[in-house]
Amino acid sequence: MYKLVLSDFAMFVVLKTKMNFKMKGVIKLCAIALFAAVVCGGCTMQDGSKSVTERATLELSQYAVELSNEAQAATPLVTVETNQDVVKVQSLAPDWVEAKYLNKKIYISAKPNQSGVKRTTNLLVFAGTEFDIIKVTQKGSTLFLKVSPTEISVPANGETLLIDVKSNGEDWKYEVEEQSEEWLSVNRINDFLQIMVAPNTASHQRRGHIYVELRGTSPVEINVAQQAFNNGARFGLPLLEKKPTKHAIIDYEKKQGSYVVKYDDENYGSPLDIPYIVFLYASPVFKSVTYYIVEATKSIHQIEMVSNDAKTLMSDEFIQTLIDKGFEIKKKKGSQNYEGVSQQLGFKVVVEIKELKESKVIFTPLGA
Numbered sequence: 001m002y003k004l005v006l007s008d009f010a011m012f013v014v015l016k017t018k019m020n021f022k023m024k025g026v027i028k029l030c031a032i033a034l035f036a037a038v039v040c041g042g043c044t045m046q047d048g049s050k051s052v053t054e055r056a057t058l059e060l061s062q063y064a065v066e067l068s069n070e071a072q073a074a075t076p077l078v079t080v081e082t083n084q085d086v087v088k089v090q091s092l093a094p095d096w097v098e099a100k101y102l103n104k105k106i107y108i109s110a111k112p113n114q115s116g117v118k119r120t121t122n123l124l125v126f127a128g129t130e131f132d133i134i135k136v137t138q139k140g141s142t143l144f145l146k147v148s149p150t151e152i153s154v155p156a157n158g159e160t161l162l163i164d165v166k167s168n169g170e171d172w173k174y175e176v177e178e179q180s181e182e183w184l185s186v187n188r189i190n191d192f193l194q195i196m197v198a199p200n201t202a203s204h205q206r207r208g209h210i211y212v213e214l215r216g217t218s219p220v221e222i223n224v225a226q227q228a229f230n231n232g233a234r235f236g237l238p239l240l241e242k243k244p245t246k247h248a249i250i251d252y253e254k255k256q257g258s259y260v261v262k263y264d265d266e267n268y269g270s271p272l273d274i275p276y277i278v279f280l281y282a283s284p285v286f287k288s289v290t291y292y293i294v295e296a297t298k299s300i301h302q303i304e305m306v307s308n309d310a311k312t313l314m315s316d317e318f319i320q321t322l323i324d325k326g327f328e329i330k331k332k333k334g335s336q337n338y339e340g341v342s343q344q345l346g347f348k349v350v351v352e353i354k355e356l357k358e359s360k361v362i363f364t365p366l367g368a
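Under UniProt numbering, think of the first position of the sequence shown as 1, with each following residue one higher.
Source of the hints: derived by calculation from the structure; they are not laboratory data. Be a bit skeptical, because a hint or two may be false.
[Claimed, not checked] Straight-line alpha carbon distances no greater than 27 Å define the calculated DSS-like cross-link-like pairs of lysine-lysine that follow:
id: 1; residue 1: 330; residue 2: 298
id: 2; residue 1: 242; residue 2: 173
id: 3; residue 1: 173; residue 2: 255
id: 4; residue 1: 311; residue 2: 332
id: 5; residue 1: 166; residue 2: 135
id: 6; residue 1: 105; residue 2: 88
id: 7; residue 1: 287; residue 2: 325
id: 8; residue 1: 357; residue 2: 262
id: 9; residue 1: 262; residue 2: 287
id: 10; residue 1: 333; residue 2: 354
id: 11; residue 1: 105; residue 2: 135
id: 12; residue 1: 166; residue 2: 146
id: 13; residue 1: 105; residue 2: 146
id: 14; residue 1: 311; residue 2: 246
id: 15; residue 1: 298; residue 2: 246
id: 16; residue 1: 348; residue 2: 332
id: 17; residue 1: 360; residue 2: 332
id: 18; residue 1: 139; residue 2: 111
id: 19; residue 1: 242; residue 2: 331
id: 20; residue 1: 139; residue 2: 173
id: 21; residue 1: 287; residue 2: 354
id: 22; residue 1: 262; residue 2: 348
id: 23; residue 1: 105; residue 2: 166
id: 24; residue 1: 348; residue 2: 311
id: 25; residue 1: 331; residue 2: 298
id: 26; residue 1: 348; residue 2: 330
id: 27; residue 1: 357; residue 2: 330
id: 28; residue 1: 146; residue 2: 118
id: 29; residue 1: 100; residue 2: 118
id: 30; residue 1: 325; residue 2: 255
id: 31; residue 1: 360; residue 2: 333
id: 32; residue 1: 242; residue 2: 254
id: 33; residue 1: 348; residue 2: 242
id: 34; residue 1: 311; residue 2: 333
Here the structure is a predicted model, which is why all the values come from computation and not from measurement.
Between the sequences and the hints, there should be enough to build the whole structure, so can you do that?
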């Protein structure tokens, strides 16, 4: 019995030949293999002496293999029938699929396909001067894109935070809406988005949007809400000036995010029977603020803030806000009420706590 052995040089030529495995490519590869085998010494006997050529045979149980998108351990998927002792298998895409020959079987292993599209390559099978091709196709994964959180609230002084992006597709992208680019900066760090929010110096809240996209899935929108300067008027105090114009009062409160709900300049229908302006307040603590104005002197008579949140008005946080504004706070013994004076502003403040009713914060000019 003789054995045909393709010379090392012939094998090198075959493996290194780049080709498109359509019919033309197959014919070309066959010609190259045959030419290399003839030129480089043909066949030898097992003892190394020249011999009459015996035709090699090669038959595979299947010529196309389809794999799932999941990782594939080395599994015998193709049976080989040949009269050759040496069979070699070469993968043309070793980065994701590998193959080896053992005991008349070709074992195929593959890495998971995390993309949303199938991928295809070929395995070259050599037995003596014969070779064949196995087409390997791996299914694509069902793509998914998950972003968390998608609703973000940021303080006025700015913040840097991370958004978790989970996906089986590596080519996801992000985009910041154009009108938010001045104060929203975004970087990708592996599977996270680093969001940097600049300080908000405006007196109104602002919102921005970031879009995360992966081809083949629905885009995800991240909504960023940033509080206004000075807590977005959480404890936004009124305009503490003794003789502000009505336009100045309205402009100030408008910048705070408040809205005029009542303006009585003539009929004097207020509890104090003097002109007044009532604002629906932007603060989550106060429901309204009313400016009472003495028409004769064009000066403030009283400013009254109304709240249903007695607990917050008794909190150290609110008291500290008054202190920061310049008020020296004094608590009354045996009472939840307290008051304070700011010589610098020229105002007195009285906080009237009523847990079951509306609580009030009343500012009065000193000497009034």
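Okay, the hints, checked on the actual structure:
no.	hint	result
1	330 x 298	30 Å, violated
2	242 x 173	55 Å, violated
3	173 x 255	37 Å, violated
4	311 x 332	17 Å, holds
5	166 x 135	32 Å, violated
6	105 x 88	11 Å, holds
7	287 x 325	21 Å, holds
8	357 x 262	22 Å, holds
9	262 x 287	14 Å, holds
10	333 x 354	16 Å, holds
11	105 x 135	16 Å, holds
12	166 x 146	5 Å, holds
13	105 x 146	42 Å, violated
14	311 x 246	32 Å, violated
15	298 x 246	9 Å, holds
16	348 x 332	15 Å, holds
17	360 x 332	16 Å, holds
18	139 x 111	11 Å, holds
19	242 x 331	25 Å, holds
20	139 x 173	23 Å, holds
21	287 x 354	15 Å, holds
22	262 x 348	25 Å, holds
23	105 x 166	39 Å, violated
24	348 x 311	21 Å, holds
25	331 x 298	32 Å, violated
26	348 x 330	11 Å, holds
27	357 x 330	23 Å, holds
28	146 x 118	22 Å, holds
29	100 x 118	23 Å, holds
30	325 x 255	18 Å, holds
31	360 x 333	19 Å, holds
32	242 x 254	19 Å, holds
33	348 x 242	12 Å, holds
34	311 x 333	18 Å, holds
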